[in-house]
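K.L.:
Respectively, the protein sequence lines represent chains A and B. The numbering used here numbers the first residue of the first sequence as 1 and each following residue consecutively. The numbering used here numbers the first residue of the second sequence as 1 and each following residue consecutively.
The hints are simulated quantities; they were obtained by calculation from the structure and are not laboratory data. Idealized CB from N, CA, C, for every residue including glycine. It cannot be assumed that every hint is accurate.
To be verified - Anything over 12 Å on all C-beta distances counts as not near chain A; from chain B, calculated:
hint, residue
1, E89
2, G95
3, A99
4, Y100
5, K101
6, D114
7, S162
8, G174
9, L178
10, K209
11, G237
12, D255
13, A271
14, V274
15, E289
16, A293
Claimed, not checked - Here chain B is said to cover these stretches of chain A; the calculated rule only asks that three of the stretch's residues, wherever they fall, bring their Cβ under 8 Å from a Cβ of chain B:
hint, region
17, 133-141
18, 327-336
19, 519-526
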Amino acid sequence: MSEYLRRGNSQPAWLFPFVVLVVLILSALPLARLAITGVAALMRGGAYALVTDPSLWQSTWYTLETAVIGTVISLVIGCLFAFLLGLTDLPGKGALSFLFVLPMMIPPQVTALAWVQMSGPSSPLLKALHIAPPLGSPQPLYSVGGIALLYGVQHAPLVYLALRAGLMALPRDGVEAARLSGAGGWRVFRDITLPLSLPGIMAGAAIAFVSSIGNFGIPAILGIPASIFTLSTLIFTKFSAFGPRTFGDVAVLSSIIAIISILGLAVQNRALRGRDYRLIGLSGATAAFVLGRWRLVVLPLLWGLIFIMLVAPFLALVAGALVPAYGVPLSLKTASLHAFDEILFHQSVTRVAFANSLFLASATAFGLLALTVLAAYVLTKRKDLASRLVAGLIEIPYSLPGIIIAVCFILVFATPLPLINVTLYGTIWIILLAYFSAYFSVSLKPVMSAFLQLDPALEEAARLSGAGFFRRLIDIIVPLIAPAAGASVILVFLIACNELTVSALLWSAGTQTLGVVIYNLDDGGSADLASAMSVLVVAMVVVLMLLLELIAHRLPKGVVPWRS
Amino acid sequence: MKMIATAAALLAASFAALPASAADLVLYTSQPNEDAQATVDGFMAANPSIKVDWVRDGTPKIIAKLQAEMEAGSPAADVLLIADTVTLERLKEAGKLMAYKSPEASHYDPALYDADGYYYSTKLITTGIVYNTAATMKPASWQDLAKPEAKGLVVMPSPLASGAALIHAQTLAGVPSLGWDFYKSLAANGAIAAGGNGQVLKSVASGEKAYGMIVDYMPIREKAKGAPLAFVFPKEGVSAVTEPVAILSSAKHADAAKAFVDYVLSEKGQAGFVKLGYIPARNGVAMPEGFPARETIKVLPLNAPAAVKNTDQDLKTFSSFFGAK
């Protein structure tokens, strides 16, 4: 590949420095500031005590354990759905796809709450089936297994979307050639489809693993009651007991998480090294496998999974919003709309949170897309040390718990910016910047894997015909990576709309986000208000997704991820 | 082209939906959300020209937020309404509070407010025992929670998430018949300490745990709505926090902050708290529904200066029993 690249010829000179500058501001500067603060705090004493604290290594082990198991579960579920819905002739694919992506919309702490309500001793579902455990039984989800299971459920749609973006790009040619040579369905899948979808699978696994490591909402709800701390909840707990040693402790914990994430990235790179995934052909043409009698097995399996993952917890959530007080059994007589009334007409924070989250999510999604297309272009063309460093720097913020990002940005941006003399802290813009930093790699992954599949021949032909950089970008590259770009925008929007950890420390009066409001309501004992708010959030997301569905026929094929 | 236009329109619409945040007063509080909203609504009704933005979190967390902001040099809050006076005493010693002599102070017992006017108590919130009505053993004293019948069935709020929980631990530690050994025996009996009072309420109401330590107004309120709960003021006595209000020395809206302090101490403000189910701090105001007569509640004493000094040590001691590090 390097013999094709003559430095400074195919890319404009400003491109790489621009990307480097952006990454410096979003990743390097805040992290460096935290590192300096942490080292300074540690030098004042306490480093030895922290490193020999067994709880530190215990939580590191729990973090890895839950992340690995959770990634495996989400890979199994996500790949199952992606392959079945993307490559076969199942009926009702649109509905299945739509519903499968939905759990990702629900904030993780709400997912945890809903599952806890579904499975506890007072679960209406279990009571109706007369298998409710007696008073005082331990909640089975308050365990390593429970956390891993919910990681799997929460992140399966991430794997699904990442893999689907890759599957959309598979051309029909290879499959048809194999068929013409006499290969059966399973052989075609094993030899042609599976190897070519490996970048998508690896991308999905990487996102799922990194999301599990940095997840806060689920271990906060499920782990803390059982004294199971992962690194992210440990950091939050330490920060809650703010003291002189806090920044030092938090810096050490963050570096452990950063190391784990870099190792995970190295594993992913290793798995993809030495293989060529470039394809020629228009993306969007999918090969269909005919299921025949297998349909009778597969269809109930998929709908069953959807029921367990989505419908049952959502019903538990609605039940939680309709009870007049927590613990009162739900019946037609006791059902009350008080929680919805309070949320919609009294709590001033509701409207504020919806406006903030929508604004932040869409601004982040579209802003990041512009940046990641440029960054992916540069990173796939250059293979030198500098670009690998940049790629690593982009990766790190997402793998760190949002708490760390928040702390970094507080340290860097709390004082007024030089020259302009404007303070970003306490405004919505610091949250926006923190989101840019945290979700850069989420936005980058699908776009990168699409870029990896681009053959340079098309672009070079355009260059030879005299097209400038932006012309090539708009006419050749963007249409070819459109499904990945669309997936990237939607992924970032989904995650940013209901995130909690980054905004948990950066929010201030007037800049609350949906995740923060729901967590605070539950934390303050208003479980019914939290459930009502969650129901509204899910409703909003369903409406947004339906809107997308309506304009989907005007969009290029594959942009709306759940449509074939 | 239409898609870009639609997307741009969506973006612009959400931009326009941004609230114009020109707050005239910023309040940091640890009251539950509905109560904080009701308090703010009452204040804004009495002072229509002042717009209030409020932020709610558990006391330790909201103080952490405040400290992080102070460390970065731009605190946003004007007035605090948080769980306990010990926390405010620490802030006062660090010089972070503004003194204000409120005219309403004459209606209060002098023990309930700082002599120089740095903070004023607004309520009396006691911590007692809540239990699920399906439980077989009905507890009447703190020691009942360490009995074998309560093994693995007790939950309490963590001092890392609740200011009241910390004060409670420090108070019981000072009672001769209880002390830190009581907490050790609770931990040995399988009790867990996690989250705030809201978590304890949910845990006991849902039946995951049968017994809990909790602030008084929560279970009394929920019981009135039909939850399967009962609240007990234990025999040995209860600890109390007084949810004080204070103005920060870095406040940008000092006049509005003073008006807020006057409001929560006034008759109207106190009546608002009674309606929400809190015991009022002001002299001569009737108790809320569901509470026994004020004289029958035995409030245990707390050595406040010692509490300020020993907070870090006490937190470590508590964490060593309950595994939260």
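K.L.:
Hint by hint, note whether the structure agrees.
P.N.:
Verification of the hints:
1. E89: holds, 17 Å
2. G95: holds, 17 Å
3. A99: Given that every Cβ of chain A is farther than 12 Å from that of B:A99, nearest at about 24 Å, it holds.
4. Y100: Correct as stated: the minimum Cβ-Cβ distance to chain A is 21 Å, above 12 Å.
5. K101: About 27 Å separates B:K101 from the closest Cβ of chain A, which puts it past 12 Å; holds.
6. D114: Fine: 23 Å to the nearest Cβ keeps B:D114 off the interface.
7. S162: violated, 10 Å
8. G174: holds, 22 Å
9. L178: Correct as stated: the minimum Cβ-Cβ distance to chain A is 23 Å, above 12 Å.
10. K209: violated, 7 Å
11. G237: holds, 24 Å
12. D255: Consistent with the label, B:D255 stays out of reach of chain A, its closest Cβ about 18 Å off (over 12 Å).
13. A271: Holds, since 19 Å exceeds 12 Å.
14. V274: Holds, because the least Cβ-Cβ distance between B:V274 and chain A comes to about 19 Å, which exceeds 12 Å.
15. E289: Its Cβ never comes within 12 Å of chain A, the nearest being 15 Å, so this holds.
16. A293: Non-interface label stands for B:A293: nearest chain A Cβ at 25 Å, farther than 12 Å.
17. 133-141: That given contact holds, which follows from 5 residues of the region 133-141 of chain A lying within Cβ reach (below 8 Å) of chain B.
18. 327-336: holds (count 3)
19. 519-526: holds (count 7)
Comparing the model with each numbered hint stated earlier shows that hints 7 and 10 do not hold.
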